[in-house]
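2 protein chains.
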Amino acid sequence: MIAVDWGTTSFRAYRIDAAGIVVDKREAPLGILAIKEQRFAEALESQVGDWIEAGVHPIVMSGMIGSRQGWREQAYVRCPAGPDELAAKLGSVTWGMQGRKAWIVPGLITRDAQGVHDVLRGEETQIVGVLDDLGPGAHTLCLPGTHSKWVRVDDGRIVSFTTHMTGELFAVLRDHSILGRTMENAGDIPTAFDAGLARSKQPGGLLHHLFGVRADSLAGTLTAEAAHEFLSGLLIGHEITSVAPTGGTVHILGSQALAARYERALSGAGCRTHVLDPDAAVRGLFRLATALGRKA
Amino acid sequence: MIAVDWGTTSFRAYRIDAAGIVVDKREAPLGILAIKEQRFAEALESQVGDWIEAGVHPIVMSGMIGSRQGWREQAYVRCPAGPDELAAKLGSVTWGMQGRKAWIVPGLITRDAQGVHDVLRGEETQIVGVLDDLGPGAHTLCLPGTHSKWVRVDDGRIVSFTTHMTGELFAVLRDHSILGRTMENAGDIPTAFDAGLARSKQPGGLLHHLFGVRADSLAGTLTAEAAHEFLSGLLIGHEITSVAPTGGTVHILGSQALAARYERALSGAGCRTHVLDPDAAVRGLFRLATALGRKA
Chain F
1 MIAVDWGTTS FRAYRIDAAG IVVDKREAPL GILAIKEQRF AEALESQVGD WIEAGVHPIV
61 MSGMIGSRQG WREQAYVRCP AGPDELAAKL GSVTWGMQGR KAWIVPGLIT RDAQGVHDVL
121 RGEETQIVGV LDDLGPGAHT LCLPGTHSKW VRVDDGRIVS FTTHMTGELF AVLRDHSILG
181 RTMENAGDIP TAFDAGLARS KQPGGLLHHL FGVRADSLAG TLTAEAAHEF LSGLLIGHEI
241 TSVAPTGGTV HILGSQALAA RYERALSGAG CRTHVLDPDA AVRGLFRLAT ALGRKA
Chain H
1001 MIAVDWGTTS FRAYRIDAAG IVVDKREAPL GILAIKEQRF AEALESQVGD WIEAGVHPIV
1061 MSGMIGSRQG WREQAYVRCP AGPDELAAKL GSVTWGMQGR KAWIVPGLIT RDAQGVHDVL
1121 RGEETQIVGV LDDLGPGAHT LCLPGTHSKW VRVDDGRIVS FTTHMTGELF AVLRDHSILG
1181 RTMENAGDIP TAFDAGLARS KQPGGLLHHL FGVRADSLAG TLTAEAAHEF LSGLLIGHEI
1241 TSVAPTGGTV HILGSQALAA RYERALSGAG CRTHVLDPDA AVRGLFRLAT ALGRKA
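Heads up: the sequence lines are chains F and H, in that order.
Counting from 1, position 132 in the first sequence corresponds to residue 132 in this note's numbering; the numbering is continuous, with no gaps.
This note's numbering runs 1000 ahead of the 1-based position in the second sequence.
Hints listed in this document are in silico derivations from the structure and should not be mistaken for laboratory results.
For glycine and all other residues, C-beta sits at the position ideal for the given N, C-alpha and C.
Check before you lean on any hint, since a few could be wrong.
Said to hold, decoys possible - Examples of chain F residues toward chain H, derived with CB under 10 Å:
#1 Ala34
#2 Lys36
#3 Pro203
#4 Glu239
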């Protein structure tokens, strides 16, 4: 099969054999934002046309390619949902003279007790990819990132989730707010990160804590390099305080650098943590392709 | 005297007679960010050179003109501080062949129980301008804006304050985050504003509540016009929940539109409110000029 993880800014394709082994890989900065005039088919052919020509199939794609700005919008599937529900709702696109076809994984939607919605797209496939690692029973997953996801999994199905704008807020504050003027990324400074975590547990609220980064910078008690790490700890700390995970293990699924930050923050909050293999999307796509095979 | 309210984006000057009556006014988009190569003296002369020529004095300026990016940085005065402490710490700049001189009001600095700093610059002069209205005793002031200030005043002195990045966060989220894509300013929609206020009191935390604006927009339960007002209510609601003003009256000092939003939010939170005359800076500058006269 051909597994495609097609996001906002990047395109990643994997050629996978019948045993689930990745035998080839292609990667390009061809996220959906880089595709003009809906030329998604051309972009796909330009990257893996030779694989398609060689008869490798099916093609299963996940991520923002299924959003309103993508190739074809896939309606969100309502939680609780597992691999079977997702496979049943795979949408398809066709193109070209020979009627070539690719499948697109839908995202998930949920509503909280107050009726407010939450959505995810792309993460459902990553989660499907780790279900075997998690095994039966109830589990808490944290997928840190631009939009951090906290997910409840029960017996192999996604029950509910919440999203936190932690990563995006960090980026817009660094790039577009007054905080960015006194902030510089000089890599990890664990003491500053921990100070941000500690601050998140003090009274005053996030809106006030944010301005404290500015005030301490002006007062000379926070260097630009420390401010960067302090803000990271502050935001991650507020996210974790809001979620307030209690008991059991938090399974972390994200890039190595981000997973390390959440592991540190969660351990400090008294949680057990378990970092999952971040390449889960490929395995999720393989599993959904397998379910598709059974369905077809 | 000549009172100058010189901020980041605007310049406002007032000619005031000995009785404290504003007899003339000049306004220009000559905030400190618009001044190149430190040409502050030229900018001031270009606006009120005729007043200076006519012998009107003293000139007292407040706002970001006293910041590191302004004409001359004025060290923050430590709280508690009132008009006397501020007048005693007025800095001065001189220019020109005739040794012309203007005074600059310093900002204020405070530290909370955890040792984190907070600062303000410009608001100290506005607060001085309303001290007579407040009278003796303890008072709570709210100055909504880019950086909302909550101030404790006791017997005519500023005891402590906290800053909340509410206004700036609203602006960066609207202009630079994914939320801005599904948001449009179509003026007041009280029901949407109230829904944002109500959301701020629900569990989940601000980082999660922010993403809910996106999710409800995608789900079709929040229009672009409503999202704009909902986000405003959400952020103001989180600010007020963090401050948790208890008992007594909250005195609001800000532009009419913003004061109306805070009045609505605070009333909903069970607070009594009192909206002060927003032109307080001029009266504050007059009062400091008077104190300067006594000192000189």
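Each hint, compared with the structure:
no. : hint   : result
1   : Ala34  : violated, 17 Å
2   : Lys36  : violated, 19 Å
3   : Pro203 : holds, 8 Å
4   : Glu239 : holds, 5 Å
The structure is inconsistent with the numbered hints 1, 2, although it conforms to all the rest.
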